[in-house]
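What follows is each chain in one-letter form.
There are 2 protein chains.
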Amino acid sequence: MTQVFKIAIAGLGTVGGGVVKALAARGDELSRRAGRQLQIAAVSARNKHKLRDFHVSDWTDDPLSLATGRADMVVELIGGDEGIARQLVETALANKKHVVTANKALLAKHGLKLAELAEQNGVTLKFEAAAAGGIPIVKALREGLITYPVAAVKGILNGTCNYILTEMEATGRAFADVLKEAQAKGYAEADPTLDVGGGDTAHKLALLASLAFGTAPNLNAVAVEGIQHITPDDIAFASEFGYRIKLLGVARKLEGKIDQKVHPAMVKVRAALANVSGAANGVLIDAGDAGSFFFSGRGAGEAPTASAVVADIVEAASGGPSSVFGRPAKSLSRLEAADGKQAVSPWYLRFEVLDVPGVLASIAGSLAEAGVSIESMIQRGRAPGEPVAIVMITHETAQAAVERALKAIALSDKVRARPCMIPMES
Amino acid sequence: MTQVFKIAIAGLGTVGGGVVKALAARGDELSRRAGRQLQIAAVSARNKHKLRDFHVSDWTDDPLSLATGRADMVVELIGGDEGIARQLVETALANKKHVVTANKALLAKHGLKLAELAEQNGVTLKFEAAAAGGIPIVKALREGLITYPVAAVKGILNGTCNYILTEMEATGRAFADVLKEAQAKGYAEADPTLDVGGGDTAHKLALLASLAFGTAPNLNAVAVEGIQHITPDDIAFASEFGYRIKLLGVARKLEGKIDQKVHPAMVKVRAALANVSGAANGVLIDAGDAGSFFFSGRGAGEAPTASAVVADIVEAASGGPSSVFGRPAKSLSRLEAADGKQAVSPWYLRFEVLDVPGVLASIAGSLAEAGVSIESMIQRGRAPGEPVAIVMITHETAQAAVERALKAIALSDKVRARPCMIPMES
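Sequence lines, in order, name chains A and B.
For the first sequence, counting from 1, position 153 maps to 153 in this note's numbering; every step adds exactly one.
For the second sequence, counting from 1, position 402 maps to 402 in this note's numbering; every step adds exactly one.
Worth flagging that the hints you see were computed from the coordinates, not collected in a lab.
As the structure is a prediction and not an experimental result, all values here were calculated from the model.
Please note: incorrect hints may appear among the correct ones.
It does not matter which identical chain is used: a pair holds within one copy or between any two.
Simulated pairs of lysine to aspartate or glutamate, EDC-like, Cα-Cα distance not exceeding 20 Å [stated by the list, open to error]:
(1) LYS257 x GLU29
(2) LYS21 x ASP289
(3) LYS253 x GLU29
(4) LYS268 x GLU425
(5) LYS253 x ASP339
(6) LYS330 x ASP28
(7) LYS330 x GLU29
(8) LYS257 x GLU302
(9) LYS257 x ASP289
(10) LYS21 x GLU302
(11) LYS50 x GLU386
(12) LYS268 x ASP286
(13) LYS50 x GLU302
(14) LYS50 x GLU375
(15) LYS48 x ASP233
Work out the full structure: start from the sequences and follow the hints.
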């Protein structure tokens with residue numbers, strides 16, 4: 001084991017710091033596993049002089065120089081789907097350097113091209129940390145659950161959203177309130193759009209779908225809805241029905257094609273996904289004949305993410321062929337997007353209406369016209385003059401039909417605010 | 001991909017049949033993943049003429065001939081920790097053939113020697129199917145959760161026991177009753193000892209502990225207790241306290257050594273392990289700094305087990321170095337067994353006593369003498385003349401102290417049957 005494996009790290013934020021510290025603390029053990037002496041040969045970060053709780057030498061100011069230097073591998077922890085991160089990864093692969101990255105946006109957008117580039121150059125591109133942080137779900141899908149065709153992947157993939165929804169349920173507080181607190185505590189970004197809007201979940205889902213279905217990542221085919229419109233009322237009603245609201249990324253086969261969606265969903269309180277609390281992540285794989293498998297754990301933060309990055313480093317250093325998405329890039333098929341509006345489920349519907357005669361009749365009429373039939377209903381009075389919440393659970397209905405009905409209903413001047421519709425997971 | 005990878009399969013029971021069928025149904029897809037054309041080159045089974053729902057050619061009556069034939073890999077699905085299975089695996093490795101096996105007993109007993117033999121001959125020995133069936137937990141421990149030292153592994157690893165306990169809870173019926181029914185349905189073996197006595201869980205635990213702690217498997221150091229003595233009363237009392245009884249395999253660091261135990265344990269109803277129902281398996285890994293990770297799914301049966309075996313076949317065929325336990329066999333340390341009796345937890349205690357004055361005082365006295373302090377207690381009357389159940393939950397106490405007290409208490413002629421003690425998981 002005299003052969004040295006030289007690692008260049010670009011980006012020394014939380015995750016990069018965790019990687020440096022883990023390699024320092026457990027270098028011998030990890031080198032034994034890799035069969036090669038792991039060595040950090042170069043690092044680069046925006047601010048060389050920032051106070052850090054670990055020591056590095058071999059600084060460079062130019063991250064791109066790492067891609068052409070003496071390293072065997074570049075660890076890209078800069079982030080972003082274009083710019084310097086993309087340039088670094090492309091140049092490193094073209095220069096026959098292995099790449100490990102946590103960059104979900106980059107891979108969701110350019111995954112196929114990068115996989116082709118890696119294979120052409122005989123190196124690997126690994127991204128365990130890009131989806132569900134410390135949970136080894138990329139490995140499980142790429143190498144483990146491959147024997148039978150996967151039917152569906154459902155995941156809680158964004159810790160910020162799950163933290164906010166968990167807090168809303170525990171305290172009854174409003175979304176905006178909890179978000180503000182999460183920002184103050186550092187659990188949510190100053191600009192939370194990518195998290196609460198569902199975009200981050202979409203990036204991760206596109207990668208998991210690719211691994212699960214043997215398709216090239218297709219981010220554009222993900223229908224995305226965030227959690228900003230979820231109210232304490234929705235969460236309370238969900239609880240009455242025995243459900244909990246979670247932001248799910250769902251990719252599944254639908255009529256021979258693939259349906260990819262990010263949306264809030266009602267999950268039965270006893271279901272595994274409903275019991276993923278706080279900032280944790282959870283993923284349910286319906287692996288066809290092999291049955292369903294569930295994985296949960298910490299999906300973000302220094303150590304969980306560094307755990308995944310370091311595992312990738314060790315694996316790449318230990319050598320051997322390893323295609324980026326579990327099969328040759330040229331055998332990845334184009335993801336044919338299903339018409340997701342045809343997906344069928346029961347729906348939770350909430351209307352805020354004026355307490356005047358005829359409102360319920362009008363709503364019920366519009367639903368009937370669109371072919372939506374109601375399984376149960378709750379109407380709850382409020383203070384006089386205030387709008388009244390009407391909540392319905394439908395029988396199994398296609399999304400398109402529910403949307404048609406809600407569009408008609410929203411036109412009524414007796415209906416305040418946008419009606420809310422949330423699918424109920426089986 | 002013109003290079004053929006020849007597979008010999010020994011044993012065509014449920015799992016072997018599943019492997020043959022999966023390779024037939026998805027051979028092209030799996031070959032693409034492997035980068036080589038997977039081909040079943042030879043098979044052997046006890047009864048060539050048994051009616052099977054799949055077709056195979058290239059039969060041999062002598063399984064050992066597979067180890068010296070033209071195959072690149074031998075898949076051992078015969079079972080047993082000695083005899084033909086051991087001979088086959090050893091001969092195959094010595095003849096530089098990769099081996100895939102689901103044989104937990106063989107690996108728990110001879111894992112280190114077999115790993116050394118594989119490495120000396122430059123081939124791999126893979127055993128994903130040997131623990132937790134379809135759950136890719138061997139891979140997760142061997143390659144995924146390697147960055148930080150693992151603190152503990154806790155698993156529900158035997159579907160038969162979990163099925164029986166789940167049924168006992170659901171129906172209130174006695175162990176012997178539910179076992180008999182499980183046997184009639186084919187969920188339990190005619191001789192259920194290895195399952196209900198905890199031995200099968202011990203085999204699997206020894207393998208997971210080895211992967212988690214970098215130690216050679218040490219089956220002899222596993223303290224084993226089964227579920228035969230669990231009564232409907234225990235399950236009902238557990239439920240009153242907010243717990244569920246599960247047979248757990250637990251391996252954890254204790255005073256710098258490793259404590260390995262198989263025993264019924266009280267698990268909080270909200271905990272992930274408590275919600276592993278029926279024949280499913282579940283594993284919780286405390287991966288130190290990276291946090292806790294939970295995995296669950298089907299742990300036995302044709303498709304889940306074949307799923308794991310086929311994944312191993314594909315991985316071995318795709319080449320590359322892969323040490324058996326995640327690091328060179330010579331770097332596996334000897335497992336230093338902790339004194340498990342020093343493990344501390346709250347305990348559930350149940351005594352069946354005669355309803356006469358002074359019994360409680362005598363029990364309380366013995367507990368106090370051993371330094372066991374009581375956190376809560378339930379005493380429940382029965383029909384006149386029948387024994388009375390006294391149930392106590394202790395504060396955190398070492399196992400040794402509780403055992404000392406119970407030994408003294410059992411001497412009393414007012415105490416019927418053996419007192420029951422079950423640790424409560426935090």
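For each hint, the structure was consulted:
1. LYS257 x GLU29: Answer is between; shortest inter-copy Cα gap is 18 Å, intra-copy 45 Å.
2. LYS21 x ASP289: between (42 Å within a copy, 12 Å between copies)
3. LYS253 x GLU29: Cα proximity of LYS253 and GLU29: across copies only (18 Å, versus 42 Å in one copy).
4. LYS268 x GLU425: For LYS268 and GLU425, only the intra-copy Cα distance (7 Å) is at most 20 Å; the inter-copy one is 26 Å.
5. LYS253 x ASP339: within (11 Å within a copy, 52 Å between copies)
6. LYS330 x ASP28: between (37 Å within a copy, 15 Å between copies)
7. LYS330 x GLU29: Answer is between; shortest inter-copy Cα gap is 13 Å, intra-copy 36 Å.
8. LYS257 x GLU302: neither (37 Å within a copy, 28 Å between copies)
9. LYS257 x ASP289: within (19 Å within a copy, 40 Å between copies)
10. LYS21 x GLU302: within (10 Å within a copy, 43 Å between copies)
11. LYS50 x GLU386: neither (54 Å within a copy, 74 Å between copies)
12. LYS268 x ASP286: So LYS268 and ASP286 pass the 20 Å test inside one copy only (17 Å; across, 27 Å).
13. LYS50 x GLU302: within (17 Å within a copy, 56 Å between copies)
14. LYS50 x GLU375: Neither: 59 Å inside a copy, 51 Å across copies.
15. LYS48 x ASP233: The answer is neither: 49 Å in one copy and 65 Å across copies each exceed 20 Å.
Comparing the model with each earlier hint shows violations of hints 8, 11, 14 and 15; every other hint is respected.
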